[in-house]
Every structure is written in C-alpha cells, then in structure tokens.
Amino acid sequence: MSALAAYATSTGEAFQFWVLGTVAVVGALCTILMRKAVHSALCLAGTMIVLAVFYLANGAYFLGIVQIVVYTGAIMMLFLFVVMLVGVTAADSLKETIKGQRWWAAACGLGFGVLLFAGIGNAALTEFAGLGAANAAHGGNVEGLAALIFTKYVFAFEITGALLITASVGAMLLTHRERTERARTQRELAEQRVRDGKHLPPLPAPGVYARHNAVDVPGLLPDGTPSELTVISTLRKRGQVRDVSGEALADLKALEQRSSERLGRDRDEEEANR
Amino acid sequence: MDNLIALLIAAPLLGAAVLLCGGRRLDKTGHWLGTLLAAVSFVIGLALFADMLGRSADDRAMHQHLFTWIPVEGFQADVAFQLDQLSMTFVLLISGVGTLIHVYSIGYMEHDERRRRFFGYLNLFVAAMLLLVLADNYLLLYFGWEGVGLASYLLIGFWQHKPSAATAAKKAFLVNRVGDIGLSIAIMLMFTTFGTFAFGPVLASAGETSEGKLTAIGLMLLLAACGKSAQVPLQSWLGDAMEGPTPVSALIHAATMVTAGVYLIVRSADIFNAAPDAQLVVTIVGAVTLLFGAIVGCAKDDIKKALAGSTMSQIGYMILAAGLGPIGYVFAIMHLVTHGFFKAGLFLGAGSVMHGMNDEVDMRKYGGLRKYMPVTFVTFGLGYLAIIGFPGLSGFFSKDKIIEAAFAKGGTEGWILGAVTLLGAAITAYYMTRVMLMTFFGEKRWQDDADGNPPHPHESPKSMVIPMVLLAVGSVAGGAVFELSGFVEWLEPVTGYAHGHPPISAAAVTAATVAVMVIGVGLAYLQYGRRPVPVVAPRGSLLTRAARRDLLQDDFNHAVFVTGGTHLTRSLVYVDHSLVDGVVNGTAAGVGGLSGRLRKLQNGYVRSYAVSMFGGTAVLIAATLLMRAV
Amino acid sequence: MNPVNYLYLAALLFTIGAVGVLIRRNAIVVFMCVELMLNACNLAFVTFSRMHGNLDGQIIAFFTMVVAAAEVVVGLAIIVSVFRSRHSASVDDASLMKL
Numbered sequence: 001m002s003a004l005a006a007y008a009t010s011t012g013e014a015f016q017f018w019v020l021g022t023v024a025v026v027g028a029l030c031t032i033l034m035r036k037a038v039h040s041a042l043c044l045a046g047t048m049i050v051l052a053v054f055y056l057a058n059g060a061y062f063l064g065i066v067q068i069v070v071y072t073g074a075i076m077m078l079f080l081f082v083v084m085l086v087g088v089t090a091a092d093s094l095k096e097t098i099k100g101q102r103w104w105a106a107a108c109g110l111g112f113g114v115l116l117f118a119g120i121g122n123a124a125l126t127e128f129a130g131l132g133a134a135n136a137a138h139g140g141n142v143e144g145l146a147a148l149i150f151t152k153y154v155f156a157f158e159i160t161g162a163l164l165i166t167a168s169v170g171a172m173l174l175t176h177r178e179r180t181e182r183a184r185t186q187r188e189l190a191e192q193r194v195r196d197g198k199h200l201p202p203l204p205a206p207g208v209y210a211r212h213n214a215v216d217v218p219g220l221l222p223d224g225t226p227s228e229l230t231v232i233s234t235l236r237k238r239g240q241v242r243d244v245s246g247e248a249l250a251d252l253k254a255l256e257q258r259s260s261e262r263l264g265r266d267r268d269e270e271e272a273n274r
Numbered sequence: 001m002d003n004l005i006a007l008l009i010a011a012p013l014l015g016a017a018v019l020l021c022g023g024r025r026l027d028k029t030g031h032w033l034g035t036l037l038a039a040v041s042f043v044i045g046l047a048l049f050a051d052m053l054g055r056s057a058d059d060r061a062m063h064q065h066l067f068t069w070i071p072v073e074g075f076q077a078d079v080a081f082q083l084d085q086l087s088m089t090f091v092l093l094i095s096g097v098g099t100l101i102h103v104y105s106i107g108y109m110e111h112d113e114r115r116r117r118f119f120g121y122l123n124l125f126v127a128a129m130l131l132l133v134l135a136d137n138y139l140l141l142y143f144g145w146e147g148v149g150l151a152s153y154l155l156i157g158f159w160q161h162k163p164s165a166a167t168a169a170k171k172a173f174l175v176n177r178v179g180d181i182g183l184s185i186a187i188m189l190m191f192t193t194f195g196t197f198a199f200g201p202v203l204a205s206a207g208e209t210s211e212g213k214l215t216a217i218g219l220m221l222l223l224a225a226c227g228k229s230a231q232v233p234l235q236s237w238l239g240d241a242m243e244g245p246t247p248v249s250a251l252i253h254a255a256t257m258v259t260a261g262v263y264l265i266v267r268s269a270d271i272f273n274a275a276p277d278a279q280l281v282v283t284i285v286g287a288v289t290l291l292f293g294a295i296v297g298c299a300k301d302d303i304k305k306a307l308a309g310s311t312m313s314q315i316g317y318m319i320l321a322a323g324l325g326p327i328g329y330v331f332a333i334m335h336l337v338t339h340g341f342f343k344a345g346l347f348l349g350a351g352s353v354m355h356g357m358n359d360e361v362d363m364r365k366y367g368g369l370r371k372y373m374p375v376t377f378v379t380f381g382l383g384y385l386a387i388i389g390f391p392g393l394s395g396f397f398s399k400d401k402i403i404e405a406a407f408a409k410g411g412t413e414g415w416i417l418g419a420v421t422l423l424g425a426a427i428t429a430y431y432m433t434r435v436m437l438m439t440f441f442g443e444k445r446w447q448d449d450a451d452g453n454p455p456h457p458h459e460s461p462k463s464m465v466i467p468m469v470l471l472a473v474g475s476v477a478g479g480a481v482f483e484l485s486g487f488v489e490w491l492e493p494v495t496g497y498a499h500g501h502p503p504i505s506a507a508a509v510t511a512a513t514v515a516v517m518v519i520g521v522g523l524a525y526l527q528y529g530r531r532p533v534p535v536v537a538p539r540g541s542l543l544t545r546a547a548r549r550d551l552l553q554d555d556f557n558h559a560v561f562v563t564g565g566t567h568l569t570r571s572l573v574y575v576d577h578s579l580v581d582g583v584v585n586g587t588a589a590g591v592g593g594l595s596g597r598l599r600k601l602q603n604g605y606v607r608s609y610a611v612s613m614f615g616g617t618a619v620l621i622a623a624t625l626l627m628r629a630v
Numbered sequence: 001m002n003p004v005n006y007l008y009l010a011a012l013l014f015t016i017g018a019v020g021v022l023i024r025r026n027a028i029v030v031f032m033c034v035e036l037m038l039n040a041c042n043l044a045f046v047t048f049s050r051m052h053g054n055l056d057g058q059i060i061a062f063f064t065m066v067v068a069a070a071e072v073v074v075g076l077a078i079i080v081s082v083f084r085s086r087h088s089a090s091v092d093d094a095s096l097m098k099l
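Residue numbers (full-length UniProt numbering), protein chains in the order written: chain A, 1 to 274; chain B, 1 to 630; chain C, 1 to 99.
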C-alpha cells in the first residue's frame, strides 16, 4: 500500500487515472448539462465516487471512505431529497435568458482553466514525497489524522463542531413554519362555504372516465373542455396538470369506434348466426 | 477736569435715551429737556475750554480712558477720549451751535406732534458727533461716524410720510455707506500696518511707513470724507437731504456733520503729510467740489437747495485747504468754524422765511420780504455778507487765508488752485446775492398755498429769532476774533503750521478776493436786481438746465451705477445660467448618463454577478502569474 | 504517470463546476456545481498532501467536507424556504436587488 502512495506511480494507477479520470470529467459535464436535477445529482454522485477512489489512490484512505459515506451517501441523498421536495419545474429548461451570459461564462471559464493549467504547469511539482513515512509515524493513516486533529487542529475541530450544530439549528429554523392562527374547524369551513355561496357541494372529482381518473387529469365539462377546478391546487401551481382534452377526445372517439365496430361485428355475427 | 470729557457725550446721550424711551408723558417737556442737556454739554465744554486755556500750549491735550472695548490679544480697542485743541474747537462748535438750534427748533417744530422724537434724534446726533470728535482712536471715531450717519438718516426722513423725504433719507444713507466702506478699509489697513487704531501711535509712526501704504490709507480716508462731507463724487445726497426739517439742515447738513470729513483729514494730518499723492487728490476733490457746488447753487430756485449747493462749495474750500498740508490745515478748520456760524445762520434765516411763507421754498415766489421780516432780513444779510467774504466779517478772514494758501502751494498747481478758489469766491458772491435779491428785494411774487390761503409773512417767534441773532453775531465777529486771538497758534500744536508764501503778495490776494466778490455781486445785481424776476423759471442755457439737475449727478449715477449694475447683474445671471449651471447640469447629466449605463450591470441576476466575480478571479490569477513570471 | 495529473484533473473539474454555476438556473443544480468545485479542491489538497509527504492537506480536505456538509444543510434549507414563498427554485426569479 505504501508503494501506491509513493512518488513513482505504477502503471496500474496510471491506467486507473485515465479511465476513471475520464469518467469523472464526463460525470461533471453531465452534472452541468443534464436537463433534470435528478440526473445532475446522479452524475455528480458518480463523479464523487470516482474522486473517492482517487483519494484512496493518493493514500488518503480515511478521506476516501468519508467521501463515499458522507458525501455520496449523505449529502447527495439530501440533494435528491430536496429535488423531490421542490419538484421538477417547467422552468428548468437549459435555454439561456440573460443576454450574453453563456458567452461570458464560456470566456471566463476558458480563461480561468487555461490560467490554472498554466500555473500548474509552471510550478515546480516534480518532487513527490509520498505518504509512506507520514502514515507510518502513528501507525496508519487514520491514526495519523487523528493525532493531528486532536492535537494541532483541535480548536478548528471544536469550532467545526459548533458550526455543524449551528447549521442544523439554522436549517430547522429556516424550514420550520409556525402556525400563527388556529386551524379552522370543519364546521367553520362549512359555514364559510355557505357564506361565500360558491361551491356549496364538494369540488368535482378529477377525471370522468375510469381509465383517466388519475389526480393530474382534469375532469371534462359537458362541452368537452377540461375544468381546472377538479385538480388539486398544488399540481396546478406546479403546472403538472396533464392537458388531456384533445387526447381524451381522441381516445373517446377511438373507444366509441372500437365499441361500435365490436358491437356492429357482434350484430353482424348475430345476423349471420340467425 | 479730564474726567468731565465723558460727560460731554453722556449729557445728550442721556437726553436721547430719555426722550426716545420716555413716551408721550414727555411730549410737553421733552424739548426743554433736550435743549437743557445740549446746553449742559456746551457749559461743560466751556469749563474744559477755560481749563485748557490755563495750561501751556504743549500740555493742553486731555485724555480719559473709560474702559477697554475689545480686549483681544493683539487687537486692543479702548473707549477712550482725547480732548485737544482741535477737538475742543469742534466741541464748542457742535455743542454751541447745537444748543442754539435746539432753541430754534422749539419754535420751528412747535406745531409738529412728533417734536419730542425730533429732539431725541437731535440729542442723539449731538452725542454721536461729540463721540466722533472726542474719540482717541479710529475705531471709536468710526462708531461716532456711523452714529451721526444714523442720526442724519433719521432726521432727513423725519417727515417720513412724504415719499420724497423717505427716499432722500435712504439715498443719504446709501451714499454715506459707500464712504463708510472707505473708512472701514482705511481702519483695516491701519491695523495691518500699525497694529493699532489709536491716534497717538498711528500718527507718530506714520512717517516711518512706506508711502504706498500711506497713500492707500489716505485715499480711503478721503473716500470716507467724500461720503460724509458730500464731496464729488459722493455729493449727490446733500441736495436731497434738504427734505429734512430746516434746523436739521442747519445743524447737520451745514454746520457740523458734513464737516466731519474735514475733521478726519485734518486729524490724520501726519498720514497725508507723508503721502503727497493722496494730498494732491484731496486738493483736486476740493477744487472740483468747490466749483460744482457753486454752479449748482447758482441755478437752484429752492432756497434750501441753493444753500445746500453753497455748503458743498464751502466744504470744498475746506477740503482743498486740508489737502494743502500744514499751510492749510489751520485755515480749513477756521473756515469750518466760521462757516458753521454763517451757514447755520443762513439756514435758520431760510427756515424763518419758510415759516412765514406757508413753507414755500421756491425763491421765485418770495420777493420784497425785508419789510415784513426785518430781523430775519438783517441776520440773513449779515450771514450773506460773511459768506461772500465782505471785508471785516468772518468769511472774509477764513476764505482769504485759504485763497492765499492755495496760491502758496507753489508752481503751476498753486496758480490753478488759486484761480479756482478765486473763481469760486466770485460765484459764491453771485449766487448768494441772487438768493438775497430774490428773497428780500424786488416786488412781491407771493402765491396762495394749496388751500388757497394767501401768505402772511411775519417775524418768527423769539425762540427762533434769538439763535439767529446770536449766530449773526458769530458770523460778523468770528473771523476777527480768531484773527486777533491767535487761532493759528491755538491749533498749531495739533495740526502743525507752516506759513505759506504766495508768489504774489498777501495784500494783492486780498485785493483780488475783494475784486472778484464785487464782480460777482455786480453781475447778480444786474441780472436779478435791475430786472424783475420771472415767477416761472426761464428755460435757461444748457449749463443752467444741467445745474438745475444738479449737474446731472443723478443721471450720471443712474447711467453708470444703476444701469451698469443692472447690466452687470444680467450678464452675471446669464453666465450663471449658461456657464455655471451648464457645468453643474452637464456634470449631473454626465454622471446620470454614465450611471444609467453602469446600472445595466446591476441587473439583479446573481449569475451575472457570479460571472464578474469569476472573471475577476481569473484576472487576479493572471496578475499573480504575471508577477511571478516577472 | 506523474501524480501532477491529479492537479490538472482537479483544475478541470473546478472550472467545469464554476461554469455550471454560471449557466444553470435551478438553484439545486447550482448548488451541486458548488459541491463539485469543493470536491475538486479536496482532490487538489489530497494530491498536495501526497506531494509534500504530510497529512495536513488531508486534514484541510476533511474540514472542507465538514464545512460543506454544514453549508449544504443550510443552503438546502434556504432553497426550500425560498421555494415555499416563491414557488420557484430558479435563481433568476430572485432578482429583487436590481433597481
């Protein structure tokens, strides 16, 4: 293992780098180019796993495991959870709205990348000490990190703990909603409905046909137009009401035709039988 | 005795305070109180005069330090008084003539319901004028200077219900301010030059200072004197000041206040002695005013305005004499005192005539009054003889000396100045004879007043007649008394004296003076004595018409200062609108336009801001790499 | 292979993440791109740790992870509350700072 972290990299590591490095870059590009946030998150998770492997390859065994457990396992799942909460909105297109933003971003990114590469290339980075001695000093990578964290970096460590506590409390505060008024009882709601004079009976149910009575399918009015009222407000706000009027009418037509055909055929058969 | 000096001022000041604050309960007695306090001042002055005569000539100056006015490090101003021979002369003139005119006013203002206030103002004037001549430093003098200006303003506009009087008061006040700026600048220059205001140190060190600075100070003092003494170019207010009650014209605008400029120049003799250029300007101003006033006096039909022109002209004599240096200072003061007597007497006489003629001032509507107002005729006549320089009367002595000193100036200047003074004497004789003939001789040209009442000329009450008689006595005897009692030796320790030697003998000068006087009188007699005086003024020559308009002084002021000022203001407004506002608005518009463009960067999109941050980071990295490479 | 290639990879990932921040409008995706940038930095730290033969670089990467975890918690909470009030997770919709 110590040889792995030493200056001379093995051919195996080189092979691993080029293959997994390509995967990491593709994953990163997909992260920023995927239309849906879920896909982006998954791509990012892939890139992070590749990075975990690179940490291991670089002799940072503890970090490699932490990367998988904490980052990929916890943080990315938190992302997915929030994506689920927020929902995939219609505004999530990749069409640019700010004039010139893409060009500026491309120019800055290109310039920045070129400069970084130039900086790295210019730096005298030929001496690689390897982590063998450092890891061996305390009997292993984890022990070495522990020794540093609890001695040299103990204050930073404690303060980071305080930061985590603060962050969790802050997250609770931000997402918590205090109810400022008493919830209205069913009786009060009923009285309110009568007083308003609209929709005395319950709102119409979504869907009118058995095969289309999903919650996102609006019911049709007698003239065939869909009624927004039949879909719950959350879906309406998210724009996730399925516009089915044309589709439904086509389906209806097909159904009628099929049934008439079948009925007609049946009749023909009956006549033939007769 | 020194401590009595403050009382000189305190008495009339107390009178002013009591009369002006006392209210209506003093209406009955106020004028007596005012007169009494002026007389108290005169008596104290006499006592101090007696005390002064008892001392040796070099030890006559008295000082009284009252309190430190402005006690600032490096800027000390005291309320302190200095009573020397020059001040003494003025004190006696001011309080003496002032008291007589108070008495006269009792009768003259009898029917005026605001008489108490009038006496309060008169007392205020006497106090301020005494403060002016008694101050021992220029700053306190300035205080008195402004005080008499205020009193003059209040008294000219005393009949403020007349728009002409209110306007005249405003005019006098404004024109005087121009002169006062000169005095304040002179005082500031003195402070920067000498570090003090007191007469003693300033005048003592005048000889050691650069001539340029002294010339500047002298010219500023002259400007002040021009304003207060109605000299060209600040002469325009005096004629209009005749809108005030006649006693005011007599006291303030003939005998005392208008001579403050002469006092200022004589008091600052050491400064002018060391600045010949300033002296030359002083003589020029005096000579020009002398002729200016005399010409105006010839053309005026308003008796008071004719006398005002005469006052201007006579003060021109004094200023001219003061500009001649040590050969003239004494005679300037001497003429000032004699003029104080006879001009006050003439004005009181004019007031008496107006009193008897329903306040008519146009001499063309007088005529033949000598039979109806004999005392006025005699006193006015004596004053007339005095002013034209009739041998033996007071004006003869003082004016003759000035003419002699003008010739003694030497060189071409001496001849020119002498000729001007002689010409002035001839014109004086002419216009005074004209006044005399039009008023007291000839046929009656009386006209009914606005209400249709024919005038009933009558002699004035005793309170008016007595002062006129006393002043007439002064006009007659003053010159001879001064000549015999040694006025020159009396003033010499203060002003210095050098005997002038005219290129022609003194006797010849005197003969010439008398000759031109006779010519002037003769011309006037031919024009106004032999022929009837038309009631409506004839059109007259171009000069006459110009002189009737005060030689176009107001037109000049209007054209140059009012119109010029208006145009200047308009052009400044134009510059302000186009240039200043243009720059300001242009800057604002430029900043606004630039901001409008810069604002587009602030589009509120966090991603745009992120781009700029990202770009900035790239630039920073580039800079870092570049610096490392270098 | 020279291990310096890891640094080039880190630089590339960082740049991709930065460009992603600039061009995506969904706040969650933007956030993911930030995470990508942080991970790129971590890779660089770990590589430097190997390069210099001491563990301080890994410690820093470790702290970065912890802080990133805290940041994600708070950031996502903010996104959720913004979505609640505005019914949108687009960063462009929250453009009230302009004049």
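Please note that the accuracy of each hint is not assured.
[Claimed, not checked] Covered stretches of chain C, as calculated for chain A (at least 3 residues, CB under 8 Å):
no., region
1, 8 to 18
2, 24 to 37
3, 50 to 56
4, 61 to 71
5, 74 to 85
[Claimed, not checked] Taking lysine-lysine pairs in the DSS-like style, the calculated list, with each CA pair at most 30 Å apart, reads:
no., chain 1, residue 1, chain 2, residue 2
6, B, K213, B, K162
7, A, K99, B, K600
8, B, K444, A, K95
Rather than coming from a laboratory, the hints here were simulated on the basis of the structure. The model shown is predicted, which means the values in this text are computed figures rather than measured ones. Quick reminder that beta carbons are idealized off the backbone N, C-alpha and C, glycines included.
Structure versus earlier hints, numbers of those that do not hold, lowest first: 6 and 8
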